[in-house]
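**Student:** Given next are the chains, with one letter for each unit.
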Amino acid sequence: MIQTIEASPDEIYDIELEHSLLEANAKLAKENRILLDRFGIAAIDVMGAIGSGKTTLIGRLVGRLKDQFGVAVLNGDATTSTDADLIAGQNVPVVQIATVNGCHLDANLVGKALRKIDLAKLKLIFIENIGNLICPAEFPLGSRARVVVVSVTEGQYMVRKHPHMFLGADLVVINKVDLAAAMEVSVSDLAADMHKLKPSIKVIPTSCKNSVGLDELTSCLLAV
Amino acid sequence: MHELSIASAVVDSVLEFLDAHEVKKVLKVRLAVGELSHVEADQLCFCYTAITQETAIENSALEIERVAAVVECPSCSYRGRPKYWEDALAAAPIPTLECPNCRGAVEPVEGNDCAIKTIQFVV
Chain A
1 MIQTIEASPD EIYDIELEHS LLEANAKLAK ENRILLDRFG IAAIDVMGAI GSGKTTLIGR
61 LVGRLKDQFG VAVLNGDATT STDADLIAGQ NVPVVQIATV NGCHLDANLV GKALRKIDLA
121 KLKLIFIENI GNLICPAEFP LGSRARVVVV SVTEGQYMVR KHPHMFLGAD LVVINKVDLA
181 AAMEVSVSDL AADMHKLKPS IKVIPTSCKN SVGLDELTSC LLAV
Chain B
1 MHELSIASAV VDSVLEFLDA HEVKKVLKVR LAVGELSHVE ADQLCFCYTA ITQETAIENS
61 ALEIERVAAV VECPSCSYRG RPKYWEDALA AAPIPTLECP NCRGAVEPVE GNDCAIKTIQ
121 FVV
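Quick mapping for you: the protein sequence lines, in order, are chains A and B. Residue numbering for the first sequence follows my numbering, beginning at 1 and increasing consecutively. Residue numbering for the second sequence follows my numbering, beginning at 1 and increasing consecutively.
Keep in mind that the hints were calculated from the coordinates and are not lab data. Don't take every hint at face value.
To be verified - DSS-like cross-link-like pairs, simulated, lysine-lysine; straight-line CA separation at most 25 Å:
1. Lys66/A with Lys27/A
2. Lys83/B with Lys161/A
3. Lys25/B with Lys117/B
4. Lys30/A with Lys117/B
5. Lys66/A with Lys121/A
6. Lys202/A with Lys30/A
7. Lys117/B with Lys27/A
8. Lys66/A with Lys116/A
9. Lys202/A with Lys83/B
10. Lys83/B with Lys196/A
To be verified - Here are some chain B residues the structure puts well away from chain A; computed CB gaps all over 12 Å:
11. Phe46
12. Ala56
13. Glu58
14. Val70
15. Arg79
16. Gly80
17. Arg81
Even for Gly, the Cβ is constructed at its ideal location relative to N, Cα and C.
Bound-form chain A, shown alone:
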């Protein structure tokens, strides 16, 4: 889309470029999706703040599903492999993606990780994003669904504080609802905030401790 110009010395030119900065990632995300679709694999991008319970939740879902079909997990983490180690204990394929200074996973990193596992045996891949409620929103990975995990321990206002994260999500899990009373947080008010922002969003309250909502979440993820 670059125009050709006849230049005279020291003249100032303005060239129209129309070059999208998010397109490079979006293109790689599309390639990841094509690869996953070819193998009939649904990938779920699991986003949320540090400590919202992403790893525990993924661990519980893997435990429920791994005997039915092939499940793998890609664990994004800036520095440690603690999350990947935890999941690997369940004997499913795990790839740790260390972003070091990166605040989000991108489609390039996920594409590289997908090439490290045998896709032929899989039906479902959980991609655990970096603990961050802002940056991952801008970088689609090629997943079939984007899930945000929030926990009641993050307080009553996280939807208003981080609206962008929820605008791009298909499903929100309100986790640790067993602690809602102690935190004095209203789960129904949180859900109402999410629907106010995005009427089509599905909201599932869960507690890994008491196994609340895990049946609903499992069937929801199997339907994507």
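Use these hints to put chain B onto chain A, whose structure you have.
**Tutor:** Only chain B this time, still in chain A's reference frame:
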């Protein structure tokens, strides 16, 4: 700090442009940043200044223009500005994906992207 990733993408694109063209000096790079993209203009400018140091485009200016959001409703065919959540707790109105007309779910059609619009340079 995904602004750093975006700023790096800007610098890579401009340096690529420099490689392919006879340019003496880049004066200004103009970006269009959508209202629904999650890019913070001041942070982006800060990152740009920092990472262009000691490159061929050091001291070039980064100008950022906001692109307003436009949404479309599949149920009632509304097309226009989104409905804003006027929340007393928020510093600014929050754009939502609720249809201002029928309260259904709208899809964003404009204001999602972040793109280089023009490069101003001296030959």
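**Student:** Are the Cα positions of Lys66/A and Lys121/A separated by 25 Å at most?
**Tutor:** Judged against 25 Å, a Cα distance of about 11 Å means the pair holds.
**Student:** If you draw a straight line from the CA of Lys83/B to the CA of Lys196/A, is it 25 Å or shorter?
**Tutor:** Distance of about 10 Å is within 25 Å: holds.
**Student:** Classify the label on Glu58/B as holds or violated, using whether its beta-carbon is more than 12 Å from each beta-carbon of chain A.
**Tutor:** Nearest chain A Cβ is 18 Å from Glu58/B, so the label holds.
**Student:** Quick one: work out the minimum CB distance from Ala56/B to chain A and report holds if it exceeds 12 Å, violated otherwise.
**Tutor:** 16 Å, holds
**Student:** Run the distance test for Lys66/A versus Lys116/A: straight-line Cα separation, threshold 25 Å.
**Tutor:** Between Lys66/A and Lys116/A the Cα gap is close to 19 Å, so the pair holds against 25 Å.
**Student:** Holds or violated: Lys30/A and Lys117/B, Cα atoms, limit 25 Å.
**Tutor:** It holds: about 24 Å lies between the C-alpha atoms, which stays within 25 Å.
**Student:** Does Lys27/A sit within 25 Å of Lys66/A, going by the straight-line distance between their CA atoms?
**Tutor:** The hint is violated at about 31 Å.
**Student:** Would you mind confirming whether the straight-line C-alpha gap from Lys202/A to Lys30/A stays at or under 25 Å?
**Tutor:** 24 Å, holds
**Student:** Compare the distance between the alpha carbons of Lys117/B and Lys27/A with 25 Å, and conclude whether the hinted pair is satisfied.
**Tutor:** Status holds; Cα separation ~20 Å.
**Student:** Please verify whether Lys202/A and Lys83/B have alpha carbons no more than 25 Å apart.
**Tutor:** Holds. Lys202/A to Lys83/B sits at ~20 Å (cutoff 25 Å).
**Student:** Is the nearest Cβ of chain A still more than 12 Å from the Cβ of Arg79/B?
**Tutor:** 17 Å, holds
**Student:** Has the given pair, Lys25/B with Lys117/B, been kept, meaning a C-alpha gap of at most 25 Å?
**Tutor:** 18 Å, holds
Of the numbered hints listed earlier, the single one contradicted by the structure is hint 1.
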